[in-house]
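S.K.: Each chain, written out:
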Amino acid sequence: MLEVQGLHAEVNGVEILKGVDLSVGVDETHAIMGPNGSGKSTLAYVLAGRPGYEVTAGSVTFDGEDLLALPAEERARRGLFLSFQHPIEIPGVRMDHFLRAGYNELRKSAGEEQLDPLKFDRLIRNKAKAVEMEPAMTKRAVNEGFSGGEKKRNEVLQMAVLEPRLRILDEIDSGLDVDALREVARGITDLSVPGTSTILVTHYDRVLSYLEPDQVHVLINGRIARSGGRALAKEIEERGYDWLEAGAGV
Amino acid sequence: MTQHATVTGSWSEQFRRFEHNGAEISPAWLRDVRRSAFGDFERLGFPTARRGNEPWKYTNVRPIADATFALAEYDPDVSAGIDLHAYELPCPRVHQLVFVDGHYEPGLSTEPVTEAGLHNDVLGRHGDGPVVGRLADAIEYRVPLVREHLGRLAPAPGNAFTALNTAFLRDGAFVQIPDGTFVPEPIYLLFISTGAQAVVTHPRVLIAAGADSSATVLQSFHSLDGGTYLTNALTEVVTAPGANLRLCTLQRESNDAFHIATTRMEQARDSRIASVVVDLGGRLVRRETATLLGASGASVSLNGLYYGAGKCHVDNQTFVDHAAPGASSNEVYKGILDDASHGVFSGGVLVRPDSQQTVAHQVNKNLLLSSDAEVDTQPKLEIYADDVTCTHGAAVGQLDADALFYLKSRGIGEDVARNLLVHGFVSEVLDAIEDGAVRQHVEQAVAGCLSGSR
Chain Y
1 MLEVQGLHAE VNGVEILKGV DLSVGVDETH AIMGPNGSGK STLAYVLAGR PGYEVTAGSV
61 TFDGEDLLAL PAEERARRGL FLSFQHPIEI PGVRMDHFLR AGYNELRKSA GEEQLDPLKF
121 DRLIRNKAKA VEMEPAMTKR AVNEGFSGGE KKRNEVLQMA VLEPRLRILD EIDSGLDVDA
181 LREVARGITD LSVPGTSTIL VTHYDRVLSY LEPDQVHVLI NGRIARSGGR ALAKEIEERG
241 YDWLEAGAGV
Chain Z
1001 MTQHATVTGS WSEQFRRFEH NGAEISPAWL RDVRRSAFGD FERLGFPTAR RGNEPWKYTN
1061 VRPIADATFA LAEYDPDVSA GIDLHAYELP CPRVHQLVFV DGHYEPGLST EPVTEAGLHN
1121 DVLGRHGDGP VVGRLADAIE YRVPLVREHL GRLAPAPGNA FTALNTAFLR DGAFVQIPDG
1181 TFVPEPIYLL FISTGAQAVV THPRVLIAAG ADSSATVLQS FHSLDGGTYL TNALTEVVTA
1241 PGANLRLCTL QRESNDAFHI ATTRMEQARD SRIASVVVDL GGRLVRRETA TLLGASGASV
1301 SLNGLYYGAG KCHVDNQTFV DHAAPGASSN EVYKGILDDA SHGVFSGGVL VRPDSQQTVA
1361 HQVNKNLLLS SDAEVDTQPK LEIYADDVTC THGAAVGQLD ADALFYLKSR GIGEDVARNL
1421 LVHGFVSEVL DAIEDGAVRQ HVEQAVAGCL SGSR
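Top to bottom, those sequences are chains Y and Z.
Those letters in the first sequence? Residues 1 to 250, by the numbering used here.
Those letters in the second sequence? Residues 1001 to 1454, by the numbering used here.
The set of hints was computed from the structure by calculation and includes no laboratory data.
This one's a predicted model, so the numbers in the text were calculated from it and none came from an experiment.
Hints are all accurate, no fakes.
If you want the footprint, here are the derived chain Z segments under chain Y, 3+ residues with CB under 8 Å:
id	stretch
1	1401-1414
2	1417-1423
3	1426-1433
Here are the computed distance ranges between Cβ atoms for each label pair:
id	chain 1	residue 1	chain 2	residue 2	range
4	Z	1184	Y	140	24 to 32 Å
5	Z	1340	Y	126	42 to 50 Å
6	Y	37	Z	1048	54 to 62 Å
Note that beta-carbon positions come from the ideal geometry of N, C-alpha and C, so glycine has one too.
All chains, please: the whole structure from these sequences, using the hints.
M.R.: As structure tokens, then:
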């Protein structure tokens, strides 16, 4: 589904990604782990198409299509979704208006009929209930005044509505207590219909007990220093990143 | 002095003709008021940005001074051809007065006001609703409120445009809400400019809200087909104790028009005014909104939205006079400036020495959509009491790049995303319109304006 080869990227002229290779197949869950500043979030942003993140070499294909040639909105319409580590507050823009706009853009690009406000209202209410969010929240401004947990749950609601095929979850567990994390993880698991793949970007092993990865990759200084199974994450939890950093020549 | 004389010369000629032909209803007191006001205008001349003239620092009315505008003639054929559909409020009942090029249009208005009706209301034996009628009728029937307030709230000696409006005072709208009366349906004053010729109109409105009364008044200024013309509007508002008055102004003049609007309000004890002004059109717009909080417990909220495109210049000046203890004011003005437009906001707040326990908040935020757009914003707080809560803030910025990316990462395209953010920016102001039908009407106008611009 997603093929990343020799990816180099800069932010403000500073090279952050220095040759990343990654292959994510259908129905797979991959964890990208790494210490602060290793380039985890940069990788997530580059895949989602954030302006200011400049790819200087390498390629990324999504279902065989050149992902890097597409603007952010087209990537989303192809089925890619980035869950933000810090979801953005947008005063004055109502959640349901925002999500209806996104939902209808996806329908339009899939050649399907758009939903009118009434029908969409029914849809979002059901989706909100499914992810255990108070439907009244969807009448509020996007993320404005939301707690950390509410913001993350809101990202899950957006996934429930937009039904992406590739989900990149950037530090989905940050700011969540254990109960909130369990609920958010359950929401994500419930949405994992066949054909869905997931990239978990995380500093800690914690979230991996709830969302089991098929593969774990450790990003050190802009490169994947090591890949392995679930056991690799456990080893990092016990030993930290130092031993891998030493191996990567940092 | 020579230059001065040329600037006011064509106006003097016009005033002489007006006095002879146009002033069909002219009690002696009104003739005196007009003549005196014209004298004020001749003395003042049009304001210039000369040193020390702070209120006109950023706004140059030279294009108005240099142009010649004729007084609009009444043409019933033009009015007959107007389709009001586009201006209708989405509610079953309104009290509606329509003026076309400054002339009252009975065929489009809903409110025939009789002499008996006016007198009943004046005497306090009101029937079941507000008085919404021609100012000319109220003058003719000698309504005491008119004589008492007209020209008192907005004195001519201080302001050339006010002086001009009063000098050419002939008609307009008179709104009186009797004591204790709640008016559920909006009162709608619609001023349409045909734009057919370079005319000047001087729309005049007097609103008197009785004790413990409650009403919504919408003033709306529109152009039919573009054109260069001058609207010089003046509104005087007085509230009795406990009144709750919601005022909304929607300005959608032609993109070549000049729009000068002055609103002067005076508030009694425990009265509340909630004002929302929305400027979407005009080439040169100057709007002054001022209130006197003259007794304790009076409160005002002043909200504004201004949108500039092309080379439009839009200037909002507000002034709140806290002249009594325990009064409060809250201001939120937001500007969206595109292309090479220029916005100005000046927020004056005066807290007089004995006005303890004053609460005054002011915010002005501006969104620049183009690198050629400009804004000048300045709070002007003068505080002479010590036990007060006063805050002010101003901001100028572009659309939030992080928010834009967030929207796009959900599949929303650039144009729709920008539109959502711009609407999010203005929603705070529009949400301040309490009447649902008026809010919906204004929201549609704003949406049409913002989507048409990109």
